[in-house]
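Asker: These are the residues of each chain, in order.
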Amino acid sequence: MRPRSLTAFGFLAPYLLIFASFWLWPIIYSFYLSFMSTRRLPWTFNPKMTWGRVVQDPAFYNALENTLTILAIQVPVMLFLATLLAVMLNSTLLRARGLIRFAFFAPVVIGEAAYAAVFRLMFNTEFGVINKVIESVGLPPVEWFSNPDAAMALIIMAVTWRWVGYNAIIILAGLQSIPQDVYEAATLDRVSPRQQFLYITLPLLKPVILFCLVLSVIGSMQLFAEPYLITNVGGPGGATETLGLYLYRQAFLNLNFGYASAVAYTIAALAVMISALNLWIGRDKT
Amino acid sequence: MASVTLEKVAKSYGSHKVIHGADLNVKDGEFVVFVGPSGCGKSTLLRMIAGLEDITSGDVSIGETRVTDMVPGDRGVAMVFQSYALYPHMDVARNMSFGLRMQGNDKADTDARVGNASVVLQLKQLLARLPKQLSGGQRQRVAIGRAIVRKPQVFLFDEPLSNLDAELRVQMRVEIARLHSELAATMIYVTHDQTEAMTLADRIVVLRDGNIEQVGSPLELYHDPDTAFVAGFIGSPRMNFLAGRTENWADGLQSVALVNHGDKIVKIPTRSALATGEEVTVGVRPEHLLAGKAAVGGFAITADVVEHLGATTYIYAGARSENPLIVARTDDHADTVGDQVTILPQVGKAHLFDTNGMRIR
Ligand SMILES: Nc1ncnc2c1ncn2[C@@H]1O[C@H](COP(=O)(O)OP(=O)(O)O)[C@@H](O)[C@H]1O
Ligand SMILES: [Mg+2]
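Which chain is which? The protein sequence lines are A and B, in order. Numbering (this note's numbering) for the first sequence: 144 to 429. Numbering (this note's numbering) for the second sequence: 769 to 1129.
Read the hints as simulated data drawn from the structure, not as lab findings. For every residue, glycine included, the Cβ atom is placed at its ideal position computed from N, Cα and C. Wrong hints could be hidden among the right ones.
As the list claims (entries may be wrong) - A short, non-exhaustive set of chain B residues, derived as facing chain A with CB atoms under 8 Å:
id	residue
1	TYR855
2	PRO856
3	PHE1067
4	THR1098
What the hints assert, rightly or not - Away from chain A, derived, C-beta distances all over 10 Å, residues of chain B:
id	residue
5	THR773
6	PRO840
7	ALA853
8	HIS857
9	ASP877
10	GLN890
11	VAL938
12	ALA1018
13	GLY1030
14	ARG1129
Working from the sequences, and respecting the hints, build out all of it.
Answerer: Here you go:
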């Protein structure tokens, strides 16, 4: 190696060292672990207890189903809202734009514990403001934490609230990269604002929305904080247990690291597959 | 096709006045060019005709219809932008047909119009390409095609050739001229390039700081400018401006002493006598300066820079000063740097301007 490269690697060494020990090594080591039965010491090579269990564990399938349900409802709803929000934030009619943009971005920087506490308060069955509103229009109060479907809806709403602004800001950047004169040309072409949105804005936003979609899929596959903090660790009775939560239970409550590693690899593989599918469906056909 | 009429059209951005009340009548089928330096308000005026900018005061009519408060799409104008403004995700055919398709125009008719435009503009081979797969000249042709397909009353062009290289610019210029005669359409064309203005226009509108300085045919502006600004802007290379002092007047000729050239007297036709001793400017184009043997009784300059273009030789004197004197010689004389050249304005070709730049006739 030339001395100049050596100097460069010297400067990079601290980073590379940290990267290797806290990033690369866990990835490799957990792959090794995923073939080990770790129920009791000494650990033994036994993929049947890890990979074999993943494919037939009803608890895993429950978590998978919950995760995919959340993903299938939350991600489209959120991206739809984020696109609307981005268009609104981009409007020239809007006053105090900087402030409002920050306000919608703010949930991302709020601590998870604080945000979860607020949601728990707001959705509290007896004295939460949400049920107060529901009751005020004459409907029965919703059992947000003991009704499985309501708990699921609560998770979806919470996740959407937290990430919609973040995605809107990304989509807003996409909106702003569309040149204004294209819209002027369309206006002169007698294309209505609605048609401009459908046939110009949306197609040109596609790559950005696709990017948000992939980010959201990955995020949903790892969903953890909301079911842990808001719905009492995946309650009621595992109705909101997600893959992330299931992984956490196996690894850090049951201390079954081998099985947890296999679950982790399965989650990652699913995330990659779903994202690849999204990209393939949304690819440019030209 | 239709005429376009501007009545006291003005535009302000807040308190910043950009157009100061423009009056203009563009005749049906006429090719009018707005020309002027960058920032003088050409685009703003054009965009007000298109409806893309609000009109602060005044009125715009197209044909018999007052369009001041009409939305752009209803005015029957099509615009070609400097940036082309093509729809990036649509191929050439769809770029041209988009507007018609969105209005639910009959498909056979849309196809026929696109087919027709693509023949006129030689786009047949490119119909399935995306804008990013086209060269600048091809993109501009698509943008023009998109305008043609709409069969507008008026075509508006905003510096359509500025992003093209010099050779392509000349080629497209010819094509636009051909298009104008083929379509017999009313066209308003914005450029900062006086050559484009001279070659394309039926009439040129010279704009300066948001005011219409002069309107006229290219040759009117060239031969009979109202102001020193127009005289300097139209014609290339630029008109020479020489400081002068009025002397006597006789038989319709005003004598002016060129103060920087040994008080050499030149005689310029004017209607009446000026007071003696007034400060004036003498404007004379490089091509209207006689040189060498033809300039008997002229004054001498020293050539600082000499450009031989073959047919014409440009001699620059005082090249380091802010106002060099340029002489265009077509008499096949091999001048070199440092040569003394005798020059003399051709009789009747020099113009006189007062200290405000207004023409003295
Ligand atoms: N949106 C705007 N806000 C404020 N001033 C503007 C705006 N658009 C143009 N101007 C000003 O109006 C003047 C004319 O601009 P423009 O019509 O683009 O000139 P041109 O096309 O002749 O170069 C310039 O001084 C420019 O700074
Ligand atoms: Mg302009």
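Asker: Tell me if PHE1067 (chain B) is really an interface residue toward chain A, meaning its C-beta lies closer than 8 Å to one of theirs.
Answerer: Interface hint status for PHE1067 (chain B): violated (53 Å vs cutoff 8 Å).
Asker: Regarding the assertion that ARG1129 (chain B) does not contact chain A, is the least Cβ-Cβ distance greater than 10 Å?
Answerer: About 43 Å separates ARG1129 (chain B) from the closest Cβ of chain A, which puts it past 10 Å; holds.
Asker: Does VAL938 (chain B) really sit off the interface, with its C-beta more than 10 Å from all C-beta atoms of chain A?
Answerer: VAL938 (chain B) is indeed farther than 10 Å from all Cβ atoms of chain A, at 25 Å.
Asker: Please check whether the beta-carbon of ALA853 (chain B) is more than 10 Å away from every beta-carbon in chain A.
Answerer: At roughly 4 Å from the nearest Cβ of chain A, ALA853 (chain B) sits no farther out than 10 Å, so the non-interface label is violated.
Asker: Verify that the Cβ of GLN890 (chain B) lies farther than 10 Å from every Cβ atom of chain A, and report whether the claim holds or is violated.
Answerer: Holds, because the least Cβ-Cβ distance between GLN890 (chain B) and chain A comes to about 22 Å, which exceeds 10 Å.
Asker: Would the non-interface assignment of HIS857 (chain B) survive a Cβ cutoff of 10 Å against chain A?
Answerer: With a cut-off of 10 Å, HIS857 (chain B) comes too close to chain A, as the shortest Cβ separation is near 5 Å.
Asker: Is the Cβ of ASP877 (chain B) farther than 10 Å from every Cβ of chain A?
Answerer: At about 15 Å from chain A, ASP877 (chain B) clears the 10 Å cut-off, so the statement holds.
Asker: Are all C-beta atoms of chain A more than 10 Å from that of GLY1030 (chain B)?
Answerer: 55 Å, holds
Asker: Min Cβ distance, TYR855 (chain B) to chain A: is it shorter than 8 Å?
Answerer: With a closest approach of 6 Å, the TYR855 (chain B) hint holds.
Asker: Is the Cβ of THR773 (chain B) more than 10 Å away from each Cβ in chain A?
Answerer: Label holds. Min Cβ-Cβ 20 Å, cutoff 10 Å.
Asker: PRO840 (chain B) clear of chain A by more than 10 Å, beta carbon to beta carbon?
Answerer: 5 Å, violated
Asker: Was ALA1018 (chain B) rightly flagged as not at the interface, with every chain A Cβ beyond 10 Å?
Answerer: ALA1018 (chain B) clear of chain A: closest Cβ-Cβ about 59 Å, beyond 10 Å.
Consistency with the previously given hints fails for numbers 3, 4, 6, 7, 8, ordered from lowest to highest.
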